[in-house]
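Based on these hints, arrange chain B on the given structure of chain A.
Single-letter residue listing:
Number of protein chains: 2
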Amino acid sequence: MQGTVGELGEFGLIRELTARLPLTSSVELGPGDDAAVVQAPDKRVVATTDVLIEGRHFRRDWSTAYDVGRKSAAQNLADIAAMGAVPTAILLGLVVPADLPTTWATELMDGLRDECQVAGAGVAGGDVVRGDTITLAITALGDLQGRDPVRRSGAQVGDVVAVTGWLGWSAAGLTVLSRGFRSPRAFVEAHRRPEPPYHAGPAAAELGATAMIDVSDGLVADLGHVAQASGVDIDLRAADFDVPAQMADIGQAVGVDPLVWVLSGGEDHAIAATFPAGVQLPARWRVVGTVTGPARAAGRGRVTVDGAPWDRTAGWDHFSAE
Amino acid sequence: MQGTVGELGEFGLIRELTARLPLTSSVELGPGDDAAVVQAPDKRVVATTDVLIEGRHFRRDWSTAYDVGRKSAAQNLADIAAMGAVPTAILLGLVVPADLPTTWATELMDGLRDECQVAGAGVAGGDVVRGDTITLAITALGDLQGRDPVRRSGAQVGDVVAVTGWLGWSAAGLTVLSRGFRSPRAFVEAHRRPEPPYHAGPAAAELGATAMIDVSDGLVADLGHVAQASGVDIDLRAADFDVPAQMADIGQAVGVDPLVWVLSGGEDHAIAATFPAGVQLPARWRVVGTVTGPARAAGRGRVTVDGAPWDRTAGWDHFSAE
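Heads up: the sequence lines are chains A and B, in that order.
Its first residue numbered 1, the first sequence is counted upward by one per residue in UniProt numbering.
Its first residue numbered 1, the second sequence is counted upward by one per residue in UniProt numbering.
Okay, chain A solo, but in the shape it has when bound (with noise of 0.2 Å):
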């Protein structure tokens, strides 16, 4: 387990990390075979797909190897739950220099082993290849347990608009980060660790949700995709975010209005959601806004902030940011 995954090789790295592996009740047939075969008693699958780069989506000196394990599969874990489903497995395409410590990886695999099971799923399989770029490639699985999936583009006029989970929390702490702080470490801690809501994604549709999305580009412009697909306009009010004490403080002393994070910040993944209107709605969720009417043109729907437009970007496009 000393030195390098390039001195280990290929099949001894694979053994290394599927070794950590625990048995999931989820997974009839973890790595080790072609494939893997997991449970799927609803007789659909939701499945969705994430890419991250080392220097764009995480940093080795900013996060632990642990935590890029944690976030990244909560990433996709999240997705899952904002769809209505039950996460049940991933898988992990592994790109690695030959330099890399072998703990680096193993502590990764400890990360996304670890946020599975907080999201009661487990690491089903893989591959392993050598390159230049630490990236990884982290595909989710789900279950539907008999519901419909909650797609973006069920909005319905007059449904309230709600949130849960964190929002802001993640870009306050990219923001600390950048600025070469460490702290104040519980922002610090939601930049390297989100902590999506899973149990949210499936209750609210058992509560009736139209539209469902989980918050990784910013809430307005996730919101946006949501209006978009349904052909709704939406209106936040921005009284009704909670805005932390301190998190105010820390916008007052790095110079940024704490809103735009809360509005604007992705990496949080919280989940947002549209419900009709008279819902009720359990303890962690915020009624944050309404669908206030038809979009004037297919495909323009459209968020704005009390009445007015939002263009106050945290917004996220990976092939324009640097």
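Hints are not guaranteed to be accurate.
One copy or two, either will do: identical chains are not told apart, so a pair holds if it fits within one copy or between any two.
Subject to a maximum C-alpha distance of 20 Å in a straight line, what follows is the list of computed SDA-like cross-link-like pairs (lysine to any residue) [what the hints assert, rightly or not]:
| no. | residue 1 | residue 2 |
| --- | --- | --- |
| 1 | LYS43 | SER26 |
| 2 | LYS43 | GLN145 |
| 3 | LYS43 | SER25 |
| 4 | LYS43 | GLU28 |
| 5 | LYS43 | GLY180 |
It should be emphasised that the hints constitute simulated quantities derived from the structure, not laboratory data.
Being a predicted model, the structure only gives us computed values, none of them experimental.
Just chain B now, kept in the frame of chain A:
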């Protein structure tokens, strides 16, 4: 659609790529939401992930984007078939440099789509991010249709070993290409675009295959995985392999024993399986060996050729090969 993917942007490229995808019966919800929904009538889903990197797994000067798409889909879909399952869908994680021509990405997608169509699957979703090196992470899903998965670990003493599909063609083509030639076309084509016998996997399961594997590292190497997982020794008979006259000619021209291509060459994605002695196999299967006895020690199962060790490599370790 002109220009580079950097000019087009992330969302523009995703639109271009998904616009090329037809509706597929096994994909209930395709790209465009937080996750896809794929049919899994068996209540289990077979899942596998492979990563392919430019320069290591493919070269743009040797293969068109379309061929890279065909081949990388084939590689994953073959793993599904080798479990005895029918492919249902793939997901694509794609890393592209900003200066990549958009047409390269769209032709890649055309290749993925067409290979999926051959296998009866659909492209259900994916992710696109920018990076320095073209990287494809493909996850394939499949359905067992009520059959048990055929694992590597089920080979029994006395079983026959049989193969179906092409063996050595891709390796012969790679040798030709690496010496700077573009012909004979049949082998070069086989290297660029393998033709896995998808239907043979589920059919072998129906015929009672006790163990099965996709031949991707070379027949002897891959049967070595079966021997180890099953705790048995396997002996192959060289005379029982079909070495086409044209392959023998090329071998003579380049100074390579064509049996090395057949026994040690990977990437054709043939299927190898063990069956109880006396099985009646369809014409396209060829019996090439037997399971001779239990392994002398746990995990020590080995493969011999005409009773002798086979150490003439074209086996492939992505970490040690350069």
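How the hints compare with the structure:
Taking identical chains as interchangeable, the C-alpha atoms of LYS43 and SER26 lie at most 20 Å apart whether they share a chain (14 Å) or sit on different chains (11 Å). Taking the shortest Cα distances, LYS43 and GLN145 sit within 20 Å of each other both inside one copy (9 Å) and across copies (11 Å). Taking identical chains as interchangeable, the C-alpha atoms of LYS43 and SER25 lie at most 20 Å apart whether they share a chain (17 Å) or sit on different chains (14 Å). Taking the shortest Cα distances, LYS43 and GLU28 sit within 20 Å of each other both inside one copy (15 Å) and across copies (11 Å).
For the identical chains of this complex, LYS43 and GLY180 are neighbours neither inside a copy (49 Å) nor across copies (50 Å), given an alpha-carbon limit of 20 Å.
Going down the numbered hints, you'll see the structure goes against just number 5.
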